[in-house]
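*Asks:* Residue-level listing of the chains:
4 protein chains.
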Amino acid sequence: MDNIKKYITSIYHELKDNNNGKVADYIPELSKVNPNNFGISVCTIKGEIFNIGDYETKFCLQSCSKPLSYLIAYNLLGKNKIHERVGYEPSGQTYNAFILNNKGLPHNPMINAGAIMVAAQINKNEEPSKRFNTIKSFYSKMGGNNIIDFDNSVFLSEKHHADRNVSLAYYMKENNAFGIINPNELMQSLDLYYQQCSATINCEIGSIIASTLCNGGICPTTNEQVVSKNSVIDTLILMYNCGMYEYSGQFAFEIGLPAKSGVSGCILLVVPNMMGICIWSPPLNEQGNSVRGIEFCKKLNEKMNLHMFHNFFNNKD
Amino acid sequence: MDNIKKYITSIYHELKDNNNGKVADYIPELSKVNPNNFGISVCTIKGEIFNIGDYETKFCLQSCSKPLSYLIAYNLLGKNKIHERVGYEPSGQTYNAFILNNKGLPHNPMINAGAIMVAAQINKNEEPSKRFNTIKSFYSKMGGNNIIDFDNSVFLSEKHHADRNVSLAYYMKENNAFGIINPNELMQSLDLYYQQCSATINCEIGSIIASTLCNGGICPTTNEQVVSKNSVIDTLILMYNCGMYEYSGQFAFEIGLPAKSGVSGCILLVVPNMMGICIWSPPLNEQGNSVRGIEFCKKLNEKMNLHMFHNFFNNKD
Amino acid sequence: MDNIKKYITSIYHELKDNNNGKVADYIPELSKVNPNNFGISVCTIKGEIFNIGDYETKFCLQSCSKPLSYLIAYNLLGKNKIHERVGYEPSGQTYNAFILNNKGLPHNPMINAGAIMVAAQINKNEEPSKRFNTIKSFYSKMGGNNIIDFDNSVFLSEKHHADRNVSLAYYMKENNAFGIINPNELMQSLDLYYQQCSATINCEIGSIIASTLCNGGICPTTNEQVVSKNSVIDTLILMYNCGMYEYSGQFAFEIGLPAKSGVSGCILLVVPNMMGICIWSPPLNEQGNSVRGIEFCKKLNEKMNLHMFHNFFNNKD
Amino acid sequence: MDNIKKYITSIYHELKDNNNGKVADYIPELSKVNPNNFGISVCTIKGEIFNIGDYETKFCLQSCSKPLSYLIAYNLLGKNKIHERVGYEPSGQTYNAFILNNKGLPHNPMINAGAIMVAAQINKNEEPSKRFNTIKSFYSKMGGNNIIDFDNSVFLSEKHHADRNVSLAYYMKENNAFGIINPNELMQSLDLYYQQCSATINCEIGSIIASTLCNGGICPTTNEQVVSKNSVIDTLILMYNCGMYEYSGQFAFEIGLPAKSGVSGCILLVVPNMMGICIWSPPLNEQGNSVRGIEFCKKLNEKMNLHMFHNFFNNKD
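Chains as they are written, first to last, in this note's numbering: chain S, 505 to 821; chain F, 505 to 821; chain E, 505 to 821; chain P, 505 to 821.
No wet-lab data here; the hints were simulated from the structure.
The model shown is predicted, which means the values in this text are computed figures rather than measured ones.
It is possible that some hints are incorrect.
For chains that are exact copies, the list does not tell them apart, and a pair is met inside one copy or across any two.
[Stated by the list, open to error] Cross-link-like lysine-lysine pairs, in silico, DSS-like; alpha carbons within 27 Å at most: (1) K628 / K663; (2) K583 / K802; (3) K583 / K562; (4) K733 / K807.
Given these sequences and hints, build the entire structure.
*Replies:* Dropping the structure here:
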């Protein structure tokens, strides 16, 4: 842990003055964040935590909620059931493209269409408050029983600027991707999706969540088995393949670790057998990933050689 | 090795009577192959070989040549140089789609456009025979100095039915993807691509090639460092992400190993720190992958638990 | 008129036994119609009417409402205002494709996206009943003050199976094609669009409407100037270019007259300086045009040589 | 004719100082032209000619050759035969898009793919010089037996920058759009297409050609029936629907006459029963049509009211 602290502290200071990138502004609420915010937290699989910078400030999960809600749906419904409604393959298109796979389903749970589909499957016959509580409760357990907050201004803003998501949802409905669903249920599911995006964490909670993934579904600070090991493995596979928007293939080349980014500037990074990391810095590059977040991943990898495919051979030696 | 022999022999017999799938017929020469052919070879990183079935019969590499020629170009030109001309990301489309990435380049070296681009970079100012010799010589070294043969009938057939590839090549030329190239050089590069697809190996040679990848670029039967370790790592990452056509994402879910398939019915499978495997059985499923080949991978995985992301956690225990 | 009666009677009997084509079934209500229905009405610009077959039976306007509502919007808002929201060009795609022109607008008022846009402009700040009354009243005036009925079952069915239209509407909203509109207004506009599609006429009324177009906006049976001459000209241009779905170009070749078809099996045909014709026969060909309707147009043209471009030269002689 | 002279002289002077637009530069040879060139010629169906400006300077036909070669193929092969290989519908896409209709054919003869197809049908088993002579001879006869020149620099430039056209040609070949054709014949047909684009005329010749179309295929200065009346009618229909690139629909709205433009800045305009007009002014607008050419058409229409659909009603009065 001492080495990790040393490396992370050093990288943190190297990146503090990197002011590249642009805060997301597709919804007005997101654009109000201070671009100087920069926090990093690490949680090892033994539950040791190290924080630096603005690690206590809350931010919205945005797309980082996608793998988490996939985990919930996987655990509630089972792998086969959830994958009757969503595929496994990279879409090769932007995260909000009008495209379904050859079965008429969204390509994977990490793009908007797929994440809407996944949200629609969570407790689908229950009332809205219960559905959101299920999500909040799972997120909280993955995050060491810390409180998951909610940014209602972002939610209202998302809902108000959601034309593309509504359009995608009706395009899927037209293709019977949801099975039986009425417009009211569809709108509730979209609301649930905006709500999971508007759930807030801080870096420390994010690192515990990432460490729960790293630890096969057992939260390292509470020792609770929150989700099954198999569901975690499949989630990590999806994060590895499709977690970083249109940079996913290059991220696999350069970093070689499962990760998920969100437009709030958050990255959840999973280092096998070792630790979960959460980096938060709002300014984004053109692929929609946090500029400092990507740089952090590269520099950490240089120092610690964490790349899965590189280690593949190093283990041998 | 005894366990491996036992498992593979058992799976071979289980699959022998699986007559599903359809031999590729997009070029007449390919459709002439006997669909009953079925061979499997394994080569461990210590250079031990085990063969079963039609392991001596020659077949064309087809798309299995793509990662191998990428390795050659990578070693001759360097990573940066080759990736000025081809990307890293899954295309989300069929292997022969009219689509370039936002830099006007083919998405990755595992689709036709990308493989044509890669072939065009190999010894590009040399005469055709020298260019093909370079490829043949590398393939041979990766395959334990075994002879790489050539199926001229398939080559002529490929060349004669190559309208889509010519069209793709000119589409890339229009977008300046090649840099400076004249029509004659373009046609020579296309010929070189058809030639690498028409190079023939058998299962035993294929397994040594796969084992060279598994062994960081050192051929396990000759101990020669044929290609650099870094080039092999990056090739395995691409095979993992894009090696199995539109089944790549699901293959990552189910098998979780780097692999590459070709329409001749061949699959090269790389098991980290352990062995390279070559399976050959011509009938294909609708994604263009060998039916028996895919089933073999699933059954082997069940018996031996080879999945990279599953082992990720198992190592811990 | 005697010749016209003779020709039409003869063609009617020639086509009566043509049972090709298939009644529209994309919404259940439409599929219930008797495929044997077949009516033709002619109304000359002097107001003389000739009817044959099932000319009194009511049917829904469906897409035949598109040019009529375009006329209304044109007359209420003016040409420039309406064309700030919708283009002039054929889309080259199916009538319900996800495609906007390079200004982010629907290609033209004859495809679904464009017709939804046009409906959204009609009395847009008024309450729903008033908006529908405006449409009904215009249709009625164009149809010689005959009563325009309403098929509420079709309306409910359209609304219930409208996922693609909702998706298209939100796609346009995302692109700011509507200007300022809230979800409630959007849904009301979609309802208005389904309602205009569910308005019912019979062949006789249809022929008077077509004759009003033929007569520069003056209804030939009431002599009322219902819409302006310029608006009628522009509507006829659009019908000529885009009125017959993906058969429009070939229809221009073969028939060379402005026309509009609907999936209820209706065709409104405008013969310059002469007459409006309405043909109704539900079975459709693969382009979605009435089989008997298209055959009627061809045969009438053979007998009477009505093609605009052919007459172009004939006038000279 | 006196009125026509007066109107045209007046419009010519109004537009002389309009320096908007940009000379085509997709091939270097085209960009060398002097943008101040501006000529207009009129030829009535009685063979009277009126010229103004740079009416003697030669320029390349470019896309204005498309309707002329379609006429040739139509007259040599017949309507049915030529339309087995090319469609009737607007494509809704740019003139060089990768798109074929649902029969695997180019959408119409006015886009590049369709024009390549048409050229490939002209004397297809003859030697290249004979094929070009056929085209030159027809063009000459349509142009009053004036000499059709050839700009070899433009031809070589076209051929050298033809990647998209080669790509389109192979895409069509892959789809069997040509029927049986070998690569050599394909390249000869592409050459023939570049050659027809590189044939040169001046405004006076252009006006005679347009007047031949206006006159049902009889050249008004030689009285020779060069092409059949039916072939001319079908050509005018296509020019009306698809002659002005992506401005065709709006041109039909505003001008309402058959016309064809080329990137050399030429427009052939056909006024029914009256005259053919050729305008030449190289600077183009963003749709690829001559800026002064389009303005000329609008102003002439204002003065003379030539719009087919407007006249439709005026005739009545």
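*Asks:* Compare the structure with each hint and give your call.
*Replies:* Hints versus structure:
1. In this assembly of identical chains, K628 and K663 lie within 27 Å of each other by CA distance both inside one copy and across copies; the values are 19 Å within and 23 Å between.
2. Proximity of K583 and K802 under a CA criterion of 27 Å is satisfied inter-copy only: 17 Å between copies versus 33 Å inside one chain copy.
3. Taking the closest pair of Cα atoms, K583 and K562 never come within 27 Å of each other, the shortest separation being 32 Å inside a single copy and 40 Å across copies.
4. When the C-alpha separation of K733 and K807 is checked against a cutoff of 27 Å, the pair qualifies only between copies, where the shortest distance is 19 Å, while the shortest distance within a copy is 29 Å.
Checked against the numbered hints given earlier, this structure breaks only hint 3.
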